[in-house]
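Throw the hints in and build the complete structure from the sequences for me.
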Amino acid sequence: MSWPRFLVKRVLALLVVLLVASLLVYGSLYLAPGGPLSFLVGTRSATPELIAQVTAQYHLNDPFLVRYFTWLADVLHGDLGRSLVYREAVSSLIASRFLTTLLLVVYATVLILLVGLGTGIWAALRRGVAGRVVTGWNAASLSTPAFVLGALLIVVFALGLGWFPVYGSGSGFGDRLWHLTLPAIALALSSAAYLSRISSASITSEMGKEHVETAMSRGLPRKLVVRRHVLRNASIPVITVVGLTIAGLVAGTVVVENVFALDGLGSLLVRAILQRDYAVVQAIVLLLTIVFVLVNLIVDVLYSLVDPRLSLDGDAL
Amino acid sequence: MTDALLQVSDLTITVPAGEYGADRRPVVSGVNLQIGAGEALGLVGESGSGKSMTARAVMRLFAPGVQATGTVVFDGCEVFAMEDEQLRLLRAHRIAMIFQDPRAHINPVRTVGAFLIEGLCASGVSTRDAERRVTSLLAEVGISDGSRRMAQLPHELSGGLLQRVMIASAVAMDPDLLLADEPTTALDVTTQSEVMAILAQLRTERGLALLFITHDLELAAATCDSTAVMYAGSIVERQSSRQLLTHPYHPYSSGLMVSRPDLDVVRQRLPVIEGQPIAAFEAGEGCAFAPRCGYSQPACLATTPALVAVQGGEVACHRASELQGQLPTAMEGGGDV
Amino acid sequence: MSGVATSMDQSSSDRPPRRAPWWRRVGIAPLCAIVILAVMILAAVFAPLVAPYNPNSPDLLAALQGPSAAHPLGTDALGRDTLSRLIYGGRTTLLGPIVVILLSTVLGLLLGVAAAWRGGSIDTVISRIVDVLFSIPGIVFALVTVAILGAGLGSVVIGLTIAYTPYAARVIRGGALRERRMPYISAAWIQGRSGSTIARRHLVPNIRPLILAQAVAALGFAVIDLASMSFLGLGVQPPTPDWGLMVKSGLDSAVRGQPTEVIVASVAIALFVGAVTVLGDRLSTGVNK
Ligand SMILES: Nc1ncnc2c1ncn2[C@@H]1O[C@H](COP(=O)(O)OP(=O)(O)OP(=O)(O)O)[C@@H](O)[C@H]1O
Ligand code: SF4
Ligand SMILES: [Mg+2]
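Protein chains in written order, with our numbering: chain A, -3 to 313; chain B, 387 to 723; chain C, 305 to 593.
All clues given are correct.
Here are the in silico distance ranges between beta carbons for each label pair: (1) A:S41 with C:V571: 41 to 47 Å; (2) A:D303 with C:I338: 39 to 45 Å; (3) C:P356 with A:P29: 39 to 45 Å; (4) A:R128 with C:W327: 19 to 25 Å; (5) A:K219 with C:V571: 40 to 46 Å; (6) C:G456 with A:G74: 30 to 36 Å; (7) A:V12 with C:T501: 36 to 42 Å; (8) A:R128 with B:T457: 33 to 39 Å; (9) B:H479 with A:K219: 17 to 23 Å; (10) A:R128 with B:E671: 37 to 43 Å; (11) A:V152 with C:Q541: 24 to 30 Å; (12) C:P356 with A:G166: 41 to 47 Å.
Note that these hints are calculated values from the structure, not bench results.
Even glycine gets a Cβ: it sits at the ideal position worked out from N, Cα and C.
Structure below.
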C-alpha cells in the first residue's frame, strides 16, 4: 500500500471513531431519566425562555437523526452551543481555558520523556543496583494514582516546605510554569514509570539479540553499538507506549486540574457535569476524544517510519 | 607449538545454574586447541556440546553471567587479560565471526549496505571507499548486483544471500582468523555447498586461518586440515582430517560418521547414535559418552579418560588402542555403535 | 573472572535439586501482597467489629487531631475517627472496583468467546466494536455516564464497566483463539459435542488462569479510576466514608494544618493498588510459563 492510501485509510477510520463517539455523547442525552428536556433544564427554574432556548439549541422538536445531524453540522461549523450556567458560547469558554491544559500536558510530556526514558535507559544499561532502584521506584510510582500523588505533593512541597504555591494557575509565562510544576509531576510520574519499565525491558531484550552480538563481535565501540543497534531498535515498541501515554494524559488532566484547582478544561468539565451543563460536557468530551484519536494516528505514522519492515497493509486499527 | 596463531589452553566456561544463588555449571571443560596461521581446524559435535561457547571464548564474546578460565593466546597476546580497547581492536581487525543464522544476526531494520560498511567506517574508512570495497567483495562471494542489494533490507534477501553478505562483512576487515559457527546449517543443500566453496576460496586467496564448527564430521573433514570432536564440553578426539575419516580412535567420532545422512547412497537404515547428547555439567564420574557407547565396559564408568597423544593425534577413550581399526567409518557403511 | 561459589551455596549444590519451599515458589512480594489484601478486605467486611468508633459520629471538640491513644490515626475536620473511617471506607473503595471487574469480565468473556468461537462475521462485528471502544479514552465513559445519571457510585460503576469490557474481551478472545486450535478441542468436536458445551466445559476452564490474571491486573486500574472519580466528587458521596473522598477532605484539613488524614488515605490507596499490581504480575507470569 502506498503512503497516501495508508493515510486516507487511517483518517477514514479516525472519522468513524469520532462519529461513533459523537453519537454516543449526543445520544446518551436520550438515556437520561425523564428525557432530554427535563434533564437539560434540571433543577434550574423552568422559565419559558429557558425551555425555548434548550429546545432550539438541541432541536428537540425534530426527529432524532435530524437533531443529531443538525447538532453535528453546528459542531463542524465551530458552534458548540451555549452554556446554560455561564450564559456564554461554549467555544469561548473552552478557548479561555485551553492554554492551561495544553501547557500542563506539554510540561508533563517533557517530564515523562526525560524521566521515563532516562531511568529506563540507565537501568537497562547499568543493571545491578541501578536496575533494582529504578524497578522499585517504578513499582511505587505505578501504584500511586495521580490525585493521591498530587495531594501528597501539596502536603510536602507546598504546605510543608513552602517551595511551591498550593493552588491556582498563576499569570505570566514563568509564573504559570512555576504553578504548573507540581501538577505536571503528579500527572507525569506514573506514566514516566510505565515508560521507564517498557523502555528498560525493550532495551534489555534488544541487548540480548543476536544482531547485537554480531555488532560486538566486529569490534564496534560499545557506545556505537548501543546507539545504533540497541536504542534504535528498542525505540520501536517504545514509540507506541509514548503515544498511548500522551493520549492518556489528556484524560489525566481532568483529575489533576481538580487537585490543584487549575482553571483548565478538566476542572471545567467536572464542574459542568456536576451542574448539568451538558453543552459544555459534550464539547469537552468530544475534544478529549479527538486529541486521543489524533495522537494515536500520529503514533501509527511514526511507527511505520521508524520500522521499515512494517508493511503499510497491516491492519492497525 | 608456541608459534601457533591461536592457542587455547585448559579453557573452562561456566554459566549460572539457576535464577537464585551463586551455583555455576560448566558447559566447556578443559579444552585445548591450536590453529596455525592459514590453517583450518574443524570442530564437530552434537547440539549443546559447547562448540559455540568455545568459539566465542576466542574473542571473549560472552553473554552476561558467563565466566571463563584458562588461557586463549592469539598471536602472542592473552585474550582474557586484554584491556577493553585492545580486545575491541582484536575483534575489529584480527578475528571475525560468521554466525549460524544470518537473519537473526543482522540488524533487521538497517540496510544490507549499512551492515556491510559499518566495520570499515568505524575504523576510519570513508563511506564511499567502504562502499566500493564491499561492492567488489560482494562480487567475490557471488553477489553481482551488489549496489542494488546494499539498498535493500535483510528481510528482502534469501538466507543464502544473507549468509554471503555475512561472509563478505567478515572478510571486509582482512582478518587473520575466521570463526565460522555452523555457517551452513540454516541453508538448503545446494546453497550449502556454494557457501562452502566461497569460504574455501576466500581462505586460500587470503591465507585465512579458520575455525569451522559443524554437526557434520565429514563436511568438517573435507574442509579442514585437522578436525576435533567435542562431546559434553570436552574434546574427545583430534586428528588430521584425512586420518580421522579412515581411522577414528573414538567410538563417538565413528558414530558421528555412520549417522550422517548420506545424500548419494540411499541406505536401508539410517543408524543414529542412540540416546540424547548431554552437556558438560550433566557428566558424572567416568567417560561422559559411556551411556551411549556400544563399547563401554565397567572400567569406563570408573574414571574419566584423559586426552592422550596417539599416533597422529589425540583421543580420550580408555579402549582407544584396543578398538583402533575396528570402528566403523563412513566408507564402510552402517554398523553397531 | 573465576567463579567462586560462596560457602553458603556450596552445601545446597551437593544435594540433588529439590523443589523449592512453597513460599519460595510463590515469591516473597506476592505473599506480602496477599497478606495486605487479606487484611484490608477482612477489615472492610468486619468493619463494625474492628472499627473503634462509628465512622460518621462527629465530635467537633476533637476535630483535626493528630495521632493519639484515643485516635491512633487522628481525626478529620468534623472530629470523626480517621481509623474507623479508613476501615469502613474500604467497603466502597474496594467493592466498587470488584463489581466493575466482575461485570466487565463476564461481559468480556461472553463477547470474547463468542467472537473467537463463532469467528466469521460475528467476530468481525465484535472486534470492530471493541476497536472503536478502544479508541475512546476510558474515563470518558465514566464521565458521560455520571453526566447523564448523576454523581454516585452506581453511575461510575456502570461507566467503568463499559470502559473495561473491551480490554477483557480482547484478552479473552486472544486466549480463546489460541485454545481453539488445540487438538483436544477438535477431539471433542469429533465426539459430537455441541459447540456451546465444548466452550463451557473445555474452553473456559482452560483459559481460566488467563481470565484471572487479566481481571486482577484490571482491578488495580479500576481502584485508581473509582477512587479518582470519588475524589472529583462524581462517585461515592459524603458522608459515606471512602478513601478517595478522604484524600479530598484530608487535603482541606492539611491546608488547615493537619495532614494525617490525607497521608493515611493516600498510603492505603497506594498499598492496595501496589498489592494488586504485584499479584497481577505474578499471576500473568504464571500464565506465560
Ligand atoms: N548464556 C547461556 N547461559 C546459560 N547456558 C548457556 C548459555 N549459552 C549456552 N548455554 C549452554 O551451554 C551449553 C553449550 O552451548 P553451545 O551453544 O556452546 O553448544 P553448541 O555445541 O554450539 O550447540 P549447537 O550445535 O546447538 O549450537 C548448552 O548446554 C547451552 O544450553
Ligand atoms: S571410554 Fe569407554 S565408554 Fe567412553 S568412549 Fe571409550 S569405550 Fe566408550
Ligand atoms: Mg552452537
